[in-house]
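Participant: In order, the protein sequence lines correspond to chains A and B. According to full-length UniProt numbering, the residues represented by the first sequence are 1 to 277, in order. According to full-length UniProt numbering, the residues represented by the second sequence are 1 to 353, in order.
The hints are simulated quantities; they were obtained by calculation from the structure and are not laboratory data. From a predicted model like this one, the values you see are computed outputs, not experimental measurements. Careful: at least some of the hints might be erroneous.
[To be verified] Derived BS3-like pairs (lysine-lysine); straight-line CA-CA distance at most 27 Å: (1) B/100 / B/71; (2) A/190 / A/247; (3) B/154 / A/51; (4) B/160 / B/201; (5) B/154 / B/100; (6) B/133 / B/154; (7) A/51 / A/146; (8) A/68 / B/51; (9) B/71 / A/51; (10) A/218 / A/262; (11) A/215 / A/174; (12) A/158 / A/190; (13) B/68 / A/100; (14) B/133 / B/219; (15) A/183 / A/215; (16) A/190 / A/101; (17) A/51 / A/100; (18) B/133 / B/71; (19) A/179 / A/146; (20) B/71 / A/247; (21) A/190 / A/100; (22) B/154 / B/51; (23) B/51 / A/101; (24) A/247 / B/68; (25) B/154 / B/68; (26) A/133 / A/158; (27) A/100 / A/68; (28) A/51 / B/160; (29) B/100 / A/51; (30) A/262 / B/291.
Next come the chains, spelled out residue by residue.
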Amino acid sequence: MECRVLSIQSHVVRGYVGNKSATFPLQVLGFEVDSINSVQFSNHTGYAHWKGQVLTAEELNVLYEGIKLNQVNRYDYILTGYSRDSSFLETVVDIIQELKKANPSLVYVCDPVMGDHGAMYVPEYLLPVYRDKVVPLSSSTQLIIKTVVLTSTDLPSKRGDQFLVALGSQNIVKADGTKTSQKICMDMPKVDAVFVGTGDLFAAMLLAWTHHHPKDLKAACEKTASVMHHVIRRTMTYANEMAGPGKRPSPAQLELRMVQSKADIENPAVVLEARVL
Amino acid sequence: MECRVLSIQSHVVRGYVGNKSASFPLQVLGFEVDSINSVQFSNHTGYSHWKGQVLTADELHVLYEGIKLNKVHQYDYVLTGYTRDTSFLEMVVDIIQELKRANPNLVYVCDPVLGDHGSMYVPQNLYPVYKNKVVPVADIITPNQFEAELLTGKNITTEKDAVEVMDLLHAMGPDTVVITSSDLPSRLGDRFLVSLGSQRKVRPDGSRTTQRVRMEVHKVDAVFVGTGDLFAAMLLAWTHHYPDDLKMACEKTFSVMHHVIQRTISYAHELAGPGRRPSPPQLELRMVQSKADIEDPAIFLKSFFCPPINTSTRRALVLKRISPRRQSACDRITRDLCLVSGAPACSIHPKVI
Numbered sequence: 001m002e003c004r005v006l007s008i009q010s011h012v013v014r015g016y017v018g019n020k021s022a023t024f025p026l027q028v029l030g031f032e033v034d035s036i037n038s039v040q041f042s043n044h045t046g047y048a049h050w051k052g053q054v055l056t057a058e059e060l061n062v063l064y065e066g067i068k069l070n071q072v073n074r075y076d077y078i079l080t081g082y083s084r085d086s087s088f089l090e091t092v093v094d095i096i097q098e099l100k101k102a103n104p105s106l107v108y109v110c111d112p113v114m115g116d117h118g119a120m121y122v123p124e125y126l127l128p129v130y131r132d133k134v135v136p137l138s139s140s141t142q143l144i145i146k147t148v149v150l151t152s153t154d155l156p157s158k159r160g161d162q163f164l165v166a167l168g169s170q171n172i173v174k175a176d177g178t179k180t181s182q183k184i185c186m187d188m189p190k191v192d193a194v195f196v197g198t199g200d201l202f203a204a205m206l207l208a209w210t211h212h213h214p215k216d217l218k219a220a221c222e223k224t225a226s227v228m229h230h231v232i233r234r235t236m237t238y239a240n241e242m243a244g245p246g247k248r249p250s251p252a253q254l255e256l257r258m259v260q261s262k263a264d265i266e267n268p269a270v271v272l273e274a275r276v277l
Numbered sequence: 001m002e003c004r005v006l007s008i009q010s011h012v013v014r015g016y017v018g019n020k021s022a023s024f025p026l027q028v029l030g031f032e033v034d035s036i037n038s039v040q041f042s043n044h045t046g047y048s049h050w051k052g053q054v055l056t057a058d059e060l061h062v063l064y065e066g067i068k069l070n071k072v073h074q075y076d077y078v079l080t081g082y083t084r085d086t087s088f089l090e091m092v093v094d095i096i097q098e099l100k101r102a103n104p105n106l107v108y109v110c111d112p113v114l115g116d117h118g119s120m121y122v123p124q125n126l127y128p129v130y131k132n133k134v135v136p137v138a139d140i141i142t143p144n145q146f147e148a149e150l151l152t153g154k155n156i157t158t159e160k161d162a163v164e165v166m167d168l169l170h171a172m173g174p175d176t177v178v179i180t181s182s183d184l185p186s187r188l189g190d191r192f193l194v195s196l197g198s199q200r201k202v203r204p205d206g207s208r209t210t211q212r213v214r215m216e217v218h219k220v221d222a223v224f225v226g227t228g229d230l231f232a233a234m235l236l237a238w239t240h241h242y243p244d245d246l247k248m249a250c251e252k253t254f255s256v257m258h259h260v261i262q263r264t265i266s267y268a269h270e271l272a273g274p275g276r277r278p279s280p281p282q283l284e285l286r287m288v289q290s291k292a293d294i295e296d297p298a299i300f301l302k303s304f305f306c307p308p309i310n311t312s313t314r315r316a317l318v319l320k321r322i323s324p325r326r327q328s329a330c331d332r333i334t335r336d337l338c339l340v341s342g343a344p345a346c347s348i349h350p351k352v353i
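If we strip away everything but chain B, and leave its shape as in the complex, we get (with noise of 0.2 Å):
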């Protein structure tokens, strides 16, 4: 495989954010990984310390030239992520522009970070340079429910408004969506949160399909930092082998996260000692020692189509009197909710939706 991805990102000297997080996993997976550090820290902001450096717009675009006036300014793949200065944002839209122009089928990965939880936590003036000129310029997104809404200026309290959200984004530009976490209720119960995405696609005759899947995702207690940026990632591999298939994409990249999440959570647990919350050092992803689930990652959830199942089949299956057909159809929907749930399948019931 020969495939160039450029990552513009932060560079830790401790842990796993930005640039550390996303370059040894698409690295292990073959992907030829060209960086750009954005600022270099000793590690991310979430410790009792932090210092280092940041790089200006004008330095990032002195990088370019060099890359440039070596003619080797060909990738097939661009990631960005957290990014705190309006500038260096701009320069890293017109260096994008400039990429698409030497190759049209580059795709540009781009995880718009604002904020969460309700609240923005990078200046206010970056807002306008994401919807204006940043995601019109991508081809994959993966907002949360706080960056999507706030970007499509329209609030998601149903599935059916997190469709319309989606489409709304794919009309600003990129064919695909992921929305990577939500508050909407899961089928599962409080457990698990919902993650939603959706992929456009024109079709040989010219007629445009999408493709909505929906993921029940297990929660963890407990706040990971770097995440987001291995997600992005490893999002950005998984398309790159299943272009036409956003399920198996995200079915993919969501079990790369369970496995990396675990280890983790696991490891700190054990280090900070029983009944202690972890510190931040204690919580650094497992990166290294999560090699082969990044290599080849068990599918440890399953994604659902949206709409679910359809209303004759409800019916059917709360009545029990159902086809072969259906039957088989009801099964791999049960066997669908056992392996995200993990319980055993005779005690699933699938309930009205």
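Here chain A stands alone, though its shape is the one from the complex (with noise of 0.2 Å):
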């Protein structure tokens, strides 16, 4: 398999976000994995403290220059998440825009990262960056996204409330030319405790999946939620160890383990389904 990714997003130098949640599962994959870094903080702002530097718009468009200049700008995927600078953004936007005009067929995955729970957690003035600018980014001539999928929602499911409900939704353009879409549903089970860097995780499998089931949004659904549901899981497990008996785990505890996890990345059991609506 030759697939080449260009992920732009955070680097903590401990932990499991952004990049770092991205990349080595895509590598274990068999995806290359070209990374520019976003940030470069000691941690995730979960931790008590935090410290380190941010790439600004014009220090990103450096970096793109040179793999330019190179004559390799070629990408198969891009995968974005958070960020906090609308003028960063924009410029991800001009770079997305130019690299699709070099392959046509390139794929963006986008976390469109603004907030959760009815509260925006990053500055306002991105929401009209990512709707009028990131989102509608997509193959050449029509504005239409081609997959979604609502990552958790407050809808109620049909197996109790020690689950949560994600949707997903792909547009699928038929052999003989009709357009149609899959849609489908799955109960996810809830579990307790403040987890980061699992929606980058889930962006970077969905695009490993989708990659593997690019007509079977089911089937990509199903994998991705089964791999976050065995990291997530022995992440729990460990966790809960290390704080001991009672006590709630702390945010370092609670780093994905991520390279413990390497089986279930490159071969997920699939533990959970989803249905067709």
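Two independent chains are provided; combine them into the complex using the hints.
Facilitator: What follows is the structure in structure tokens.
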């Protein structure tokens, strides 16, 4: 498999968020991953302390220039996630547009990180950038996004309140040219902990499994959700062990057990089923 | 296995050098890798163009401060490689000294990158920093012949010289030294180069012993970048699994290198086309494709203990009048030579060394 991903995300020295969360699993699955680190922090911002440096839009452009000058700016996928800077995001958009011209088949996988539980946790001025510039970036002629996954909702699950509902929808063009869409629904077990980096892992794994199942969102989502399940379970067990009985694990203890989950990443046992709606 | 490595090396957006070369293989082998990127460049500096930003010594310190404030600065290993900045290198030394206080068992694996083939390719003012500050706190170093000579002030023209140089390096600090490549003539001809290793240990009774090994390594007709970084990372991994057996650790490490390089050169030639020299992008290590070899390297080469077989065995081999015990020793050596060269057993005649 010869598949090259450009991932533009954060780097943390310690732990698994952003590029640290996305790169290893994709490499383990055989993808070539080129990574631009949008920041370099000691650790994610859920710890008591965090320190580091951010990349400016200008510096991002300089890195891309280097890739372009060497004529190696050909990618099959782009992956982006958490961003706090609108000019940085706009430069990302420009780069992606150029890369799509170099390879019209390029697929842009975007986690439009803005907030959760009713509130934004990025600056408000990012919303119009996502809505008007980032999200509409898709294949050449149509302003239609091919695949959408609502990773988590408050919709009541048929399996009770220990589960949350995720939904997915994929536009498919059939062999005869007609358009259709596959919509799926998944009930995912809730976990009583706050994880960081799981969204980044999810987007990376969705990239991988939609690559292997390009017309079968059900299969892609089942694999993706199953990887998440295995990694989270392993992480929870270890975190609780580290914290000791009756104590809530710390952010450091809750770091994803990524390298320990290699086998699950390579070949996830499917433990969650998606229903086709 | 719960083992945490702090790797302070370059990051390239595309390709495999520095942290890009070291992290994936270590993670695949189950190590937790914390990585501080000393630079972020588009690609390595062997391409026609390269662009990016460097981390200052202050910025390095800030990152370390974050780790320390969260009290997560316990590391089992530190790994460093190519650096161009003396103040950065000095900050690295300060950090390592502090980390060693936090964990006295910490092992510092250092590739003392200074130059090769007779000339320095880092600024000259790095040399005293390596010699006086870095190497003394290192536990494992992976110099090439030029770097080993430069650090000790002694030239290597024979295996005996190499052993003396490695002893001088031990005296400077590191208990494990691997001279990754040398110009010494190989026993297997000029398509091979010689690498040597030396590991100093203290026995339970307090006495000192040194294990020395010699590897005959296939030469490859190409310039690779990032192989030294991969080597140091894999030596870290395999000395971790074989802390008292440098021979085994080296066999695994050199074997991984062999598999990755062979895969890379095949692919590079395929991309370049017949009769054309592959370009730097085409020569990027086939790292993700080599995952299985990294996880479980098939031993491709064998190493020899130094000094080699003794005089009486040598004479016995020549005269072919040997006892069964010596016969098995000779068979083993013959088999070892065959494994290295790939030639069938009957065509190898152990040469008088």
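Participant: Checking one constraint from the list: CA of residue 190 of chain A to CA of residue 101 of chain A, max 27 Å. Satisfied?
Facilitator: 41 Å, violated
Participant: Is the hinted pair residue 133 of chain A and residue 158 of chain A satisfied, with a Cα-Cα distance of at most 27 Å?
Facilitator: Violated - the C-alpha atoms of residue 158 of chain A and residue 133 of chain A are around 36 Å apart, more than 27 Å.
Participant: Mind checking the alpha carbons of residue 154 of chain B and residue 51 of chain A for me, to see if they're no more than 27 Å apart?
Facilitator: 44 Å, violated
Participant: Hey, residue 179 of chain A versus residue 146 of chain A, does the alpha-carbon distance stay inside 27 Å?
Facilitator: 11 Å, holds
Participant: Is the hinted pair residue 100 of chain B and residue 51 of chain A satisfied, with a Cα-Cα distance of at most 27 Å?
Facilitator: With a Cα-Cα distance of about 22 Å, the restraint between residue 100 of chain B and residue 51 of chain A holds, given a limit of 27 Å.
Participant: Run the distance test for residue 51 of chain A versus residue 160 of chain B: straight-line Cα separation, threshold 27 Å.
Facilitator: Between residue 51 of chain A and residue 160 of chain B the Cα gap is close to 50 Å, so the pair fails against 27 Å, i.e. violated.
Participant: Under the criterion that the straight-line Cα-Cα distance not exceed 27 Å, is the pair residue 218 of chain A, residue 262 of chain A satisfied?
Facilitator: Distance of about 23 Å is within 27 Å: holds.
Participant: Starting from residue 183 of chain A, check that the Cα of residue 215 of chain A is at most 27 Å away, please.
Facilitator: 12 Å, holds
Participant: Is it true that the CA of residue 100 of chain B sits at most 27 Å from the CA of residue 71 of chain B?
Facilitator: 14 Å, holds
Participant: Given the hinted pair residue 262 of chain A and residue 291 of chain B, is their Cα-Cα distance within 27 Å?
Facilitator: 11 Å, holds
Participant: Residue 160 of chain B and residue 201 of chain B were given as a pair; does the straight-line alpha-carbon distance stay at or below 27 Å?
Facilitator: 20 Å, holds
Participant: Take the C-alpha atoms of residue 190 of chain A and residue 100 of chain A, compute the straight-line distance between them, and say whether it is at most 27 Å.
Facilitator: Between residue 190 of chain A and residue 100 of chain A the Cα gap is close to 38 Å, so the pair fails against 27 Å, i.e. violated.
Figure legend: structure checked against the earlier numbered hints; hints not met, in rising order: 3, 5, 7, 13, 14, 16, 17, 21, 22, 25, 26 and 28.
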